[in-house]
Amino acid sequence: MKSMFSPAEIRKDFPIFAKTMRGGNRLVYLDSGATSQKPRSVLDAERNFYELHNAAVHRGAHLLAEEASSEYEGARAVLAGFLNAEVDEVIFTKSATESLNAIAYSFGNAPANSKFSIKPGDRIVVSELEHHANLIPWQQLAKRTGAELVWFPIDGEGRIDLSKIDELITERTKVVALTHQSNVLGTIVPIEKIVEATHAVGALFVLDACQSAPHFKIDVKKLGVDFLAFSGHKALGPTGIGILWGRLDLLNHMEPFLTGGSMIESVTMTDATWAKAPKRFEAGVPNMAQAVGLAAAIKYLDALGMDNVAKHEKDLTGYALNQFANLDGVNVIGPKNNIDRGSVISFEITGIHPHDVGQVLDQYGIAVRTGHHCAWPLMRKLGLVGTTRASFYVYNDESDVDSLISAIDEAKKYFKV
Amino acid sequence: MKSMFSPAEIRKDFPIFAKTMRGGNRLVYLDSGATSQKPRSVLDAERNFYELHNAAVHRGAHLLAEEASSEYEGARAVLAGFLNAEVDEVIFTKSATESLNAIAYSFGNAPANSKFSIKPGDRIVVSELEHHANLIPWQQLAKRTGAELVWFPIDGEGRIDLSKIDELITERTKVVALTHQSNVLGTIVPIEKIVEATHAVGALFVLDACQSAPHFKIDVKKLGVDFLAFSGHKALGPTGIGILWGRLDLLNHMEPFLTGGSMIESVTMTDATWAKAPKRFEAGVPNMAQAVGLAAAIKYLDALGMDNVAKHEKDLTGYALNQFANLDGVNVIGPKNNIDRGSVISFEITGIHPHDVGQVLDQYGIAVRTGHHCAWPLMRKLGLVGTTRASFYVYNDESDVDSLISAIDEAKKYFKV
Amino acid sequence: MELDSLYQEVILDHYKHPQHKKLNPSYTAQVHHVNPSCGDEITLNVSMKDGVVESVSWDGVGCSISQASTSIASDLMIGKTLETALATVDAFSQLMSSKGNETGDENVLEDGVALAGVSKFPARIKCALLGWMAFKDAALQSGAN
Amino acid sequence: MELDSLYQEVILDHYKHPQHKKLNPSYTAQVHHVNPSCGDEITLNVSMKDGVVESVSWDGVGCSISQASTSIASDLMIGKTLETALATVDAFSQLMSSKGNETGDENVLEDGVALAGVSKFPARIKCALLGWMAFKDAALQSGAN
Ligand SMILES: Cc1ncc(COP(=O)(O)O)c(C=O)c1O
Ligand SMILES: Cc1ncc(COP(=O)(O)O)c(C=O)c1O
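Protein chains in written order, with the working numbering: chain A, 137 to 553; chain B, 137 to 553; chain C, 650 to 794; chain D, 650 to 794.
Don't take each hint at face value.
From the structure, some residues in chain B lie toward chain A, with a derived Cβ separation under 10 Å [what the hints assert, rightly or not]: (1) Y165; (2) A201; (3) K370; (4) G397.
Cut-off 20 Å, straight-line C-alpha distance, at most; resulting in silico cross-link-like pairs (PhoX-like, lysine-lysine) [unchecked claim]: (5) A:K548 to D:K665; (6) B:K447 to B:K353; (7) D:K665 to A:K552; (8) A:K279 to B:K255; (9) D:K665 to A:K549.
If you are wondering where the hints come from, they were derived from the structure by calculation, not from laboratory data. Source: prediction; values computed, not measured. Virtual Cβ for every residue (Gly too), placed ideally from N, Cα, C.
Kindly generate the complete structure, drawing on both the sequences and the hints.
Right, dumping it as structure tokens:
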């Protein structure tokens, strides 16, 4: 394994690792949970699109428009392959945030007699683990429709407590929207049972795959979920591109979210009818270069092999958790071993505020994230003001963990704790 | 003038013009109305962001996050300068389509007692010139709220007919949303009087500046509008970035459209409060590289000088309209001279369908757009199935017009009309 | 010139003199199809009797390719059984997705083979298919009645 | 080390021993400010009498910079007239936006000058300003009452 998968070799594909950081240090990038770095092939793919094929897709009879369309639709096919989805089920948005809002608004826009309509007294189920992006859109939908927002609580390790599943998912439940992996604690949510319960009451299941799709193999057919969202920028791809995947039979009966050009079937001054998916959900000239860039990122991941990526991260997380266990005054928040958890490690150092920890690590070229990680309710539940979070990806290796651990020691010395 | 402003020199800054088109021809790109080409400096700026500063903005204590934030906020300042706006008034969206939908949804989400709320019987005013992106979102808002959608008709030349302004803009009117320049006919809408009438009844004015902001100087303070939208990709910028500008006193009282990370003030499981603009409207990790790329595009335009750009396009349009006047069986749709019109020329050739015209032009390396141009109601009103549209920008010159005119001759010969 | 592979003489002929382009007031199914990206629209009537296509008639606006293709399709379908007609539509669809690598079977598609060149121009495939898809839709509706 | 310009001894002292960090139950204005990007929160009470700041007290959570800065600010404001206090806040804001180019006037800002180094770390400026902005808000509210 080790010999096949070489983060040191991988780093050579990422121009940013040539950069010199504060204090003359090399970049130890442990913030891929926020956004990943990009390999050269992604930057080249975007540039190539602009330099050779740039035109508005689906809108012109000319050669560039043909080429742009085929690049853009080719990117869609790559993403469909990545998720084991049908091509027309893959919708390009600007981000997971947009994808999740799009689903919530589609519910909100549904006519009263539709499968998607939400009435007063209906239920929307989330969990205490959610990122704001998979919480606030549902809060707002509940407010707009009079539905009730309820949630799965978490246990002491930060795992979802399923004991009340039958009280949460009832005949009144219309949507269950859950994260696949916590961006704060790394816990992977065992969704099988929840998906089953959701479908048993005729509700729909939305998966926030922001922290899973970039890190392990996702097969939408096997998962059995109804909608899924993730962001390209966390998966080696460009900024400004996200994925909304939905089952085709659902998509073609949903109200669109953004309206405008290219998503219509017919338009008069007073009325419009909609094209089928994916166009139905892609109003306007799309983020073409970003779709092409994301496809290049997916090809890069596919070449590494998603199973290898997952194995590498699991091993590295195990290594890091062992190191953490030996540190005095440092407390890992969330699962303490690498079982059913991803490569995100949140921790606190007694007596040093996370923001100050991050500042000291920065001095050693180490980039981590600090704060509530857009999961403020989770922080409140855990009784924390924030954590310091290290998150790993394909370009990280044990030397990065070692740098982190020794810089934590320096931080403790600096703040005399 | 001619000597100062050299499209042939400008083309050297755009890598795509090195491409060989069908039939071995050079690229004559006359489709900037759909999307513009990108200068090298824009591609370099995006790449530079990824290679040196990539990190999630506003979210980390580390050096890359600091640099990314300063690049991103620096881009906002460049855009603010371009529009003569306050920095906090500039919101990055993914496109004009998103910007326009965002405004419409913000109205729709407003609580009943707010300035923005729309009730049954209220009025929304548009025009027959609108692109679908500035029509359908308002149709949908009208449907959702029970408001009435009314519109300015156009006259024979495709100019807005103001004679019924007092019947359209009344005490019941809440929003007036108009295009600044028609993407089909090139007509520039004289908005001064309409803005005045809008404000006289206490309504708000939304300007679709997609076809104006890239082509002539926009000063939001002078225009006196309340909201403005345009897309980066039509202004030499990357795909996947748009601008929503709004008056700060309005923005800070509007309901956000997309909810999620980074746009909040505080969050609990059941409730959230909002940050001030611009963050309030930028949920999630934003399209950072695209914002930086757009700023580079704006710098490129500023270096040319927007007044020079406008003068160049006006002259070139005048030249082209003169050539068109000499063609038999070719009919320009819209204003026949270059007064109060932009550099978009729609035409029809008797006996040849626009799609076929486009196909023949493509054979000569000429890229035009054909069809209804996402303004289907306008086409119906004009009694047309579509037009062929040539649109000019900074890299076009008289040689491009000459190529177009002679290829039109070839098309007529080919189809024996 | 590359263009000639798209605009065969036969096509230009059908375009100038479209067949069956006048809606027959009696029909067993009527459909209306549009091509939203370019605004082409077509109304097409089909009469089926005893599993056989008795008449096809249509009206609409569109480019030379869509008009000629609809003209060719209507002419070809009349007199065929539902089954044969649908197989013919399938053969044509396959030709359209051949990226210029097939010439089409003239015994099956007759004048339709003149449209083979369209398959090299991705943006025009929808134009060529409009009438055929409308026919298929109408024929299936007639069959189901 | 660059870090030392951020974390001066004075700051670490104030962090470990924050001044006036216990809410005074009587006040003329109370405010609650948050720093949404990092989750820092502060509640701050001000008592004004005859245009003079009688007491400042606070409670809250945050990093060393925000805690120390609030401690410094509270200590500094007590006894000042509203006008002088607001001028002091302005002087501090200006120091924070100086990008490391100013050292601050010790006569005006006293211990506050120890925070000058923060201005080189854009992400920390908000931390340093939290308490000062809360004070300004509360003082203006008290003044208006
Ligand atoms: C006048 C006008 N409004 C709105 C739009 C929509 O812009 P986009 O597709 O970039 O969102 C366009 C261009 O397509 C346009 O020309
Ligand atoms: C679990 C989770 N959900 C949603 C998001 C939102 O993604 P984005 O900000 O790219 O829209 C993130 C990352 O920020 C995340 O980690």
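Hint by hint, here is what the structure shows:
1. Y165: holds, 8 Å
2. A201: holds, 7 Å
3. K370: This interface hint holds because 8 Å falls under the 10 Å limit.
4. G397: Hint on G397 of chain B: holds, closest Cβ of chain A at ~4 Å, below 10 Å.
5. A:K548 to D:K665: holds, 14 Å
6. B:K447 to B:K353: holds, 11 Å
7. D:K665 to A:K552: Given pair K665 of chain D, K552 of chain A holds - Cα atoms ~11 Å apart, limit 20 Å.
8. A:K279 to B:K255: holds, 18 Å
9. D:K665 to A:K549: holds, 15 Å
Of the numbered hints listed earlier, not one is contradicted by the structure.
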